[in-house]
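As they're listed, the protein sequences go chains A, B, C and D. With the working numbering, the residue at position 174 of the first sequence is 174, and numbering never jumps. With the working numbering, the residue at position 155 of the second sequence is 155, and numbering never jumps. With the working numbering, the residue at position 160 of the third sequence is 160, and numbering never jumps. With the working numbering, the residue at position 223 of the fourth sequence is 223, and numbering never jumps.
Treat the hints with caution; some may be incorrect.
What follows is a set of in silico ranges between Cβ atoms, one per label pair, in the way DEER data are often shown [unchecked claim]:
hint, chain 1, residue 1, chain 2, residue 2, range
1, B, 70, A, 117, 51 to 57 Å
2, D, 303, C, 10, 48 to 54 Å
3, B, 163, A, 171, 32 to 38 Å
4, C, 8, B, 134, 54 to 60 Å
Below, computed lysine to any residue pairings styled on SDA-like, alpha-carbon distance capped at 25 Å [what the hints assert, rightly or not]:
hint, chain 1, residue 1, chain 2, residue 2
5, A, 83, B, 163
6, D, 240, D, 277
7, A, 83, C, 166
In short, the hints are calculated from the structure, not lab data. Just so it is clear, CB atoms sit at the ideal spot from N, CA and C, and this is done for glycine as well.
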Amino acid sequence: MTGAPDAALALRVEDLSVSVGGRRVLAQVSFTLAPGELCGLIGANGSGNTTLLRSLLGFVAPSGGTIRLGGDGARRLGYLPQKVSVDPFMPLRARDVVALGLDGHRLGLPLPSRQRRARVDAALAAVSAEAFADRRIGTLSGGQQQRVFIAHALVRRPQLLLLDEPLASLDPSSATEIATLLRRISRDTGIAVLMSAHEINTLVPVMDRVIYLAGGRAAAGPVAEVIRSDVLSRLYGHHIDVLDVHGRILVVPAPGAGHDHTHVTRVP
Amino acid sequence: MIAGIFASSWVAGSIVAVLAGVIGFFVVLRGSVFAAHALPLGAFPAVAAARLWGLDLLATVLAFSVLGAAVVAALSRRTRRDIATALWLVLMLGAGELILSRLQGYSRAVYGLFFGQLLGVTPADLHMIAGVGAVAVVLVLIAFRPLLLSGLSADLAAVAGVPAGLLDLVFLTLVALAAAAALPAVGALLAFSLMVGPASAARMVCDRPLPGLALSVALALATVWGALLLASATGWPVGFFVGVAGLGLYVAGRLAGRGYAPLRR
Amino acid sequence: MLGLLPVGFLDSAPVQHALVIGGFAAVVAALVGVPTLLRGQAFVTDALAHVSSAGGALAPLIGINALGGFVLMSLAAALGLEAAPPRQRAERDLQTGAVFGAGLGVAALFLYLDVTLPGGSGNAVGVLFGSVFLLGASDILPAALAGGAALALLALYLRPMLLASLDPDLAAVQGVRLRRVGLAHLAALTLAIGLAAMTVGAVLSTALLVAPAAAALVLTDRPARALMLAAGLGLAGMWGGILMAWQSYVWTAGHAWPASFCIVAVLIGLNLAATLGRGLWRLGRRGAA
Amino acid sequence: MTPLTRGAAALALAALALSAPVTSAQAAGTGPLRAVGIENQYADVIAQVGGAHVQVEAIEIDPNTDPHSFEASPKIARALAGADLVVLNGLGYDDWAEKMLAAAANPARQDINVQHLLKLGDDTPNPHLWYDPGTMPAVAHAVAEALAAKDPAHAAEFRANAKVFDAALDRWRQAIAAFRSAYPGTPVAVTEPVANYLVAALGAKVMTPAALELAAMNDTDPAPQDVAAQEELFADKAVKVFLYNRQVTDDLTRSFLDMAKRHGIPVVGVYETMPQPGFTYQRWMEATTAAITAAVAQGTSTERLVPGQ
Chain A
1 MTGAPDAALA LRVEDLSVSV GGRRVLAQVS FTLAPGELCG LIGANGSGNT TLLRSLLGFV
61 APSGGTIRLG GDGARRLGYL PQKVSVDPFM PLRARDVVAL GLDGHRLGLP LPSRQRRARV
121 DAALAAVSAE AFADRRIGTL SGGQQQRVFI AHALVRRPQL LLLDEPLASL DPSSATEIAT
181 LLRRISRDTG IAVLMSAHEI NTLVPVMDRV IYLAGGRAAA GPVAEVIRSD VLSRLYGHHI
241 DVLDVHGRIL VVPAPGAGHD HTHVTRVP
Chain B
1 MIAGIFASSW VAGSIVAVLA GVIGFFVVLR GSVFAAHALP LGAFPAVAAA RLWGLDLLAT
61 VLAFSVLGAA VVAALSRRTR RDIATALWLV LMLGAGELIL SRLQGYSRAV YGLFFGQLLG
121 VTPADLHMIA GVGAVAVVLV LIAFRPLLLS GLSADLAAVA GVPAGLLDLV FLTLVALAAA
181 AALPAVGALL AFSLMVGPAS AARMVCDRPL PGLALSVALA LATVWGALLL ASATGWPVGF
241 FVGVAGLGLY VAGRLAGRGY APLRR
Chain C
1 MLGLLPVGFL DSAPVQHALV IGGFAAVVAA LVGVPTLLRG QAFVTDALAH VSSAGGALAP
61 LIGINALGGF VLMSLAAALG LEAAPPRQRA ERDLQTGAVF GAGLGVAALF LYLDVTLPGG
121 SGNAVGVLFG SVFLLGASDI LPAALAGGAA LALLALYLRP MLLASLDPDL AAVQGVRLRR
181 VGLAHLAALT LAIGLAAMTV GAVLSTALLV APAAAALVLT DRPARALMLA AGLGLAGMWG
241 GILMAWQSYV WTAGHAWPAS FCIVAVLIGL NLAATLGRGL WRLGRRGAA
Chain D
1 MTPLTRGAAA LALAALALSA PVTSAQAAGT GPLRAVGIEN QYADVIAQVG GAHVQVEAIE
61 IDPNTDPHSF EASPKIARAL AGADLVVLNG LGYDDWAEKM LAAAANPARQ DINVQHLLKL
121 GDDTPNPHLW YDPGTMPAVA HAVAEALAAK DPAHAAEFRA NAKVFDAALD RWRQAIAAFR
181 SAYPGTPVAV TEPVANYLVA ALGAKVMTPA ALELAAMNDT DPAPQDVAAQ EELFADKAVK
241 VFLYNRQVTD DLTRSFLDMA KRHGIPVVGV YETMPQPGFT YQRWMEATTA AITAAVAQGT
301 STERLVPGQ
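With these hints in hand, go ahead and build the complete structure from the sequences.
Listed below in structure tokens is the structure:
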């Protein structure tokens, strides 16, 4: 599905449709992502977030549409799956986890090299994890582990970093920290970041673009152009109110429109 | 004090210890303890079949162990792994009993598979143990990083393009190889003890994989040598000391791990 | 229906005892198997069954019967496991493995002493491969006691067991004493293994606990139905195996197949059929949708 | 090198240094020879032939379990490695010993494998060779020759002792001949084929289904039909005596014992190893034969052999 390189864009998705087990999960989803952009992928459970990410990774074959990756055409993707649960007694330091991101798929014993160490250090520095780089992964807090896994995904210098619900299991302050961290990484390195979330407000201050998924369809664009009553109403197929309460966004279905796909973003 | 313990026993015990230490490290890391118990014991019908049809014992045991690894790997995609393993094990033990009942004459030698005779290792056994053991250790070291990564998280391994199904099969086959090599010396039951105890203590003490692996091997060697010395001093069988040392190492590991790794989270 | 059975089958005293006691054992084991699998303890089951060999080896040394030694040793192992229960499944497997290894080491010692010391009689490892056709009227009482106790524990603690297997934290919040439930479960498990060991032997008793319960849990999600299905499948496996063992005498001219093998084979066959049937049914439903 | 690996290496070296192959502790000509009988009945024969010039050790005193599921200890390994003569049964009955002797190869040691001595094939179904009246005389003579080779100074004494041993078996042989002529073709039931060689020598017939004997011996499940056939033997009083293995009992054999008692079939205990104390091999065999005779003649049971009877 990967087409010709498109130098200006990190990712271009056109009319992507995906069916899983005979059920259409995504219908004609289109969006683009430029290098250095951070894009939020917002949608309720079951609205196709994970399927979209998995089809970008090539784990799921689309039934229609195209996915083009930018740059030199090599599929340099970083991915952080939802909820990586770690055995607390795993004999791996944070540093070792990051190193596995670099060459965990290679055969043979890991030979220490200056270059390898430098890249691991750089990835750890990028997520500000130097302080606990030599601690066992199982002893780190959820937020610290999430940083290490982001470094694990970053260390191979991807063009595009995909993260599935990276904030889901974090407390609000850690979530904000990680969101800000991702913002900084995308700005500093030019990596395009696509992260899914249930909750929009943590991402509002950091994201450049948003893809809003509902019922398998998507509305994509800058936040101000997508999170609007008219756009979301069209997406859901019935009236939706978008309220601004002291700087927090509330997506509320109109009374009586008790449809399956209605979705109220949680206000923390 | 050492008189009565033969050089071949020391060497065989040391090879099995290295093998168990290496394979056991990944058994513990990947949570494949049940498979490590079931695959060696699943060779029970192989021992009986080799006698019934006059087959080569090692070849038959290897074939059954590898078949077991393949079946468990395949079945665990359909059902839960522990259930697949349990069902495979009881089917094999039942089949072993069936084959045993077809044998004429005194055929209880097949039960020798359970406990092994470390002191009865012949030079021919030694070559076999060393050969199969070397293959298994080399394969583990080749697949070191993918095994580590998929042990950390199956999802992360999949993202890195590690073929999970294949790796799983390779790993279970390695466990089966290790078991086949260890059978004549320490038997199916104690090979397992040697895989679990040292590795579980090592991963608590070491934060890094390679030193952890080295410590696992060192503890396994210490277990075997200590067991041989104690057995020599007391006149009791080696297996008793191996089994008890395995539990001791596990408990020591748990106590060592309590300090810094939260059990409850 | 009865007319379909081979001549002499129901008239044979060994068969009658096997059908009654074996059937009871199969039902108890299948029922205990359901919460056992829900708690993810297939390995514990197998480990306790194998550790019994130490009890079998101990029995002649201290002059008790093999089954007594067996229950004694697996109960000791169960208590050892419950003394410090870890939370993660991988950790529990490791702990089980360590206790298992120690149990077998002890078995190695007892077996050694059995051979080299003058002592009582008793076949130390014979109990590992029991036989359903050797059950007699004298086995009814111990079977009823062990099975009754296991069923009583199950009846008392089934709901907390299910809740604790679903979510230990939730169960703790609801006032379930996890330690007590775990202990009750292991006690019921040990009794069920002992009962199953009387019929198919200790090392194969895992089959009676795991196979029917696993098949039932494939077929239904509801605990009550799973219990009923498991009991039915266990009974079917036991009786089918007994019939197969009886008939094999005819098939192979005087060389019957071991009853334990037949029972295990039928049980696993039923399990495979359930798994395949469920898969086909799902496939069919998907095709229809 | 970390301290740990250094320690491990040191340990390894120490182990290697200590693990030099063990040689016979016995220098020729000084002190008594050392011999091992794997089963105590063989040890008894060695003792009778060797007299004061041989120090004998028995390994299996009471195999009330399967010798295969047992792991031999260094003590046993030491005894075997340091012995000048080892007698083992063969036929897989004590194959742990075969393995251990192969592991501790010692050209100075004489190994007498009774199976090979009697030129029996590996497919011989019954390993309980000592119940055959032909076995022990052959063993005694082989032991005498082996000892004579080790200690030529006492060769004549060893050979004479073997002749005495052989002659001492005459009473047993006479008892067998008397039984043969008095009770030809006596039907007997058994649990395992323990004493079947004696049964054959007595001219008696084992009525128990062969598959059932095998199942009992090898711990596999018996067929209900075979169990029923055995029960019928008791119920119909179709057998005159039931030979019961005293040392390896399980549910199967116990249920037969109960049945035999219920139907008034006399029971005679037979053994995997020589009952101790108070028995020699000759006395043991005589007592067993006398017990079978008493059972057939008077219907008396001898469940446990007691010395002095």
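Worksheet item: Which of the stated hints cannot be reconciled with the structure, identified by number in ascending sequence?
Response: 1, 2, 6
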